[in-house]
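Trainee: If you want the building blocks of each chain, they are given just below.
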Amino acid sequence: MASLDRVKVLVLGDSGVGKSSLVHLLCQNQVLGNPSWTVGCSVDVRVHDYKEGTPEEKTYYIELWDVGGSVGSASSVKSTRAVFYNSVNGIILVHDLTNKKSSQNLNRWSSEALNRDSVPTGVLVTNGDYDREQFAENQIPLLVIGTKLDQIHDTKRHEVLIRTAFLAEDFNAEEINLDCTNPRYLAAGSSNAVKLSRFFDKVIEKRYFSRDSNQIPGFPDRKRFGGGTLKNLHYD
Amino acid sequence: MSFLIDSSIMITSQVLFFGFGWLFFMHQLFKDYEVRQYVVQVIFSVTFAFSCTMFELIIFEILGVLNSSSRYFHWKMNLCIILLILVFMVPFYIGYFIVSNIRLLHKQRLLFSCLLWLTFMYFFWKLGDPFPILSPKHGILSIEQLISRVGVIGVTLVALLSGFGAVNCPYTYMSYFLRNVTDIDILALERRLLQTMDMIISKKKRMAMTRRTMFQKGEIHNKPSGFWGMIKSVTTSAPGSENLTLIQQEVDALEELSRQLFLETADLYATKERIEYSKTFKGKYFNFLGYFFSIYCVWKIFMVKFWSQHISFILVGIIIVTSIRGLLITLTKFFYAISSSKSSNVIVLLLAQIMGMYFVSSVLLIRMSMPLEYRTIITEVLGELQFNFYHRWFDVIFLVSALSSILFLYLAHKQAPEKHMTP
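Residue numbers (my numbering), protein chains in the order written: chain S, 1 to 236; chain D, 1001 to 1423.
Quick caveat, the hints were computed from the structure, so don't treat them as lab data. Given the structure is predicted, the values throughout are model-derived calculations rather than measurements. You may find that some hints are simply not true.
Stated by the list, open to error - Listed below are the simulated BS3-like cross-link pairs for lysine-lysine, each with C-alpha atoms no more than 25 angstroms apart in a straight line:
no.	chain 1	residue 1	chain 2	residue 2
1	S	Lys-58	D	Lys-1217
2	S	Lys-206	D	Lys-1217
3	S	Lys-101	S	Lys-156
4	D	Lys-1203	S	Lys-58
5	S	Lys-78	S	Lys-58
6	S	Lys-202	S	Lys-51
7	D	Lys-1414	D	Lys-1279
8	D	Lys-1107	S	Lys-195
9	S	Lys-51	S	Lys-156
10	S	Lys-202	D	Lys-1205
11	D	Lys-1279	S	Lys-78
12	S	Lys-100	S	Lys-195
13	S	Lys-58	S	Lys-206
14	D	Lys-1205	S	Lys-51
15	D	Lys-1217	S	Lys-51
16	S	Lys-78	S	Lys-100
17	S	Lys-156	S	Lys-58
18	D	Lys-1217	D	Lys-1205
19	S	Lys-206	S	Lys-51
20	S	Lys-195	S	Lys-206
21	S	Lys-156	S	Lys-100
22	S	Lys-58	D	Lys-1107
23	S	Lys-156	D	Lys-1107
24	S	Lys-58	S	Lys-202
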């Protein structure tokens, strides 16, 4: 069972945007009945067929790490969170379509996860200002998901979707907009499902099939406490 | 003529306080959230403004600024407005926003929030019965009735917070109490955390694979819904799904463990930061203050009545400023810890309510610290309240709160070191 290869994908976003509901929907194809506060990190696993329908089809485990909290957390919480950001293969950024602040905070979330040179006390080197170049040379595939689509009034839908399209473009990522309480948005064959599948394929490809698959460039293991690198703690 | 000048001074200062409250709200409290209901921001700023005005009036009283009759007028007016806010407006809006969050009651929000407010008023009124706070010759809706009740709640709050603060502040800042946390401790705990996550992942992998094979064999359908679905699921359950339930239970236990480990690790990081902070200059300064205040607090616990007549104006001023600042900082920390984007409105309003009650009862209590000649204005304005009751009530609650905080912190301190220390 555990003999399949695995990839690790982070699910980041402000509290209350619907990350837990999203992960539940992605992994168990069911709507989460009683969403509650996520403390620390909750993980779920999705079985994904890489290159489905082709002769090279292969099944992988995709670990979705749903990290709870807010960007304004105390620095001790940020330091603790940082332990989950080790050896990440993909990032899903989740924001709430009805809340502009959550979309603005995505920059800070991605900086927190990608900025591996942060000082141990958790103080970020960048102060959250957006740096396009950081994302241009970023090797980790990103996906932007907007939730609570059903709560957007039809008249406002157009301007909201334009705003999110720009946001996804800034991250150099695909975007999906859905409602986590309704499975039909990710029904097999829909454009959202195709985008999702493409994203996971890209993550797997970057991890296992790129030329230098053993070393993800620009992404050294965390140097902590001024000492050596942290040993790889996963059981492979 | 002088009345006009005085009033314009008061109004200017009130506008300034309002602006400060507005900015504090926007840049500190609601830094990470989107303000969608401006009503909340307005109410918070207004409560803050009128609360600060009360303190300002006390200072004016002591300094002898402004005409005494216009001071009296403004006292009365300010008090009326702030009571209006604390008893009518803020509770109503709290009820309204709570009801708005509940999906079922969304349609008849106004009705249910009125009902909630009436319930609040009932309990608020009943609060006055067991306490000997009023002489019986006052009418139903007089200022004295309202203030007495607000005073009781507020004084209890102030005493609880002061008691806890008196014990917690030295505990936090004094390096004597800081457990020695090394990097190795943190690393060990993080390793345990990641190991737990890996165990959770491997179990979830099994569950996902089992579900997939069951789905492919056609044994699994979507969750059975409705009455007949439930009956069906009782009689026919595939062996695979029983296996799943077992694994799910193990996963639940592991997830609980991972949450605990996460919180402990965060706690260790916070302690480490405090240690580093204590080595800085600022930290050493606060350490010294911690010793100083802890001695002062211990002294206050046991010798309450002695100095009350002799505290001068400067100390009263310091107490006012530090308590406002301390309250705002504590409120901010509390807000970050517990709020989410759904409940942020309700929590801010609750904070505004607490802040208003805290300030009103501070006025009641500060009478105790003021020199005799300045007490008259407060006595005049607030009517014939039994001030002695409030002072005694404060002392009792302060003592209870301080002692239970000592007990609580002692237990927490004892329990923690054995778990984390490297031998």
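Trainee: Hint by hint, note whether the structure agrees.
Mentor: Cross-check of the supplied hints:
Only pairs whose Cα atoms come within 25 angstroms are accepted, and Lys-58 (chain S) paired with Lys-1217 (chain D) is accepted, the gap being roughly 19 angstroms. Distance restraint check for Lys-206 (chain S) and Lys-1217 (chain D): the Cα-Cα separation of roughly 32 angstroms exceeds the 25 angstroms cut-off, and the hinted pair is therefore not satisfied. Of the pairs offered as hints, the one joining Lys-101 (chain S) and Lys-156 (chain S) holds, with about 17 angstroms between alpha carbons and a cut-off of 25 angstroms not exceeded. A C-alpha spacing of about 21 angstroms is found between Lys-1203 (chain D) and Lys-58 (chain S), which places the hinted pair at or below 25 angstroms, so the restraint holds.
Restraint check for Lys-78 (chain S) and Lys-58 (chain S): the C-alpha separation of about 36 angstroms exceeds 25 angstroms, so the hint is violated. A threshold of 25 angstroms between alpha carbons decides the hint, and for Lys-202 (chain S) with Lys-51 (chain S) the separation of about 10 angstroms falls inside it, so the pair holds. A hinted pair counts as satisfied when its Cα atoms are at most 25 angstroms apart, and Lys-1414 (chain D) with Lys-1279 (chain D) qualifies at roughly 24 angstroms. Annotation: proposed proximity of Lys-1107 (chain D) to Lys-195 (chain S) is violated, straight-line Cα distance about 37 angstroms (limit 25 angstroms).
For the given pair, Lys-51 (chain S) sits about 37 angstroms from Lys-156 (chain S) by alpha-carbon distance, which is inconsistent with the 25 angstroms threshold. A hinted pair counts as satisfied when its Cα atoms are at most 25 angstroms apart, and Lys-202 (chain S) with Lys-1205 (chain D) qualifies at roughly 21 angstroms. About 22 angstroms separates the Cα atoms of Lys-1279 (chain D) and Lys-78 (chain S), which keeps this hinted pair within 25 angstroms; it holds. For the hint linking Lys-100 (chain S) to Lys-195 (chain S), the alpha-carbon distance of about 24 angstroms falls within 25 angstroms, and the restraint holds.
A distance of roughly 15 angstroms separates the Cα atoms of Lys-58 (chain S) and Lys-206 (chain S); the hinted pair therefore holds under the 25 angstroms criterion. A threshold of 25 angstroms between alpha carbons decides the hint, and for Lys-1205 (chain D) with Lys-51 (chain S) the separation of about 20 angstroms falls inside it, so the pair holds. Using a Cα cut-off of 25 angstroms, the hinted pair Lys-1217 (chain D) and Lys-51 (chain S) holds, with the two alpha carbons roughly 22 angstroms apart. A hinted pair counts as satisfied when its Cα atoms are at most 25 angstroms apart, and Lys-78 (chain S) with Lys-100 (chain S) qualifies at roughly 23 angstroms.
The straight-line distance between the Cα atoms of Lys-156 (chain S) and Lys-58 (chain S) is roughly 42 angstroms, outside the 25 angstroms bound, and the hint therefore fails. Restraint check for Lys-1217 (chain D) and Lys-1205 (chain D): the C-alpha separation of about 18 angstroms stays at or below 25 angstroms, so the hint holds. Simply put, Lys-206 (chain S) and Lys-51 (chain S) have alpha-carbon atoms about 14 angstroms apart, close enough for the 25 angstroms limit, and the pair holds. In summary, the hint linking Lys-195 (chain S) to Lys-206 (chain S) is supported, as the alpha carbons are separated by about 16 angstroms, within the 25 angstroms threshold.
In summary, the hint linking Lys-156 (chain S) to Lys-100 (chain S) is supported, as the alpha carbons are separated by about 13 angstroms, within the 25 angstroms threshold. Proximity of Lys-58 (chain S) to Lys-1107 (chain D) is assessed by CA-CA distance (about 51 angstroms); at most 25 angstroms being required, the pair is judged violated. Proposed proximity of Lys-156 (chain S) and Lys-1107 (chain D) is supported: the alpha carbons are some 22 angstroms apart, at most 25 angstroms. The hinted pair formed by Lys-58 (chain S) and Lys-202 (chain S) meets the criterion: a straight-line CA distance of about 14 angstroms does not exceed 25 angstroms.
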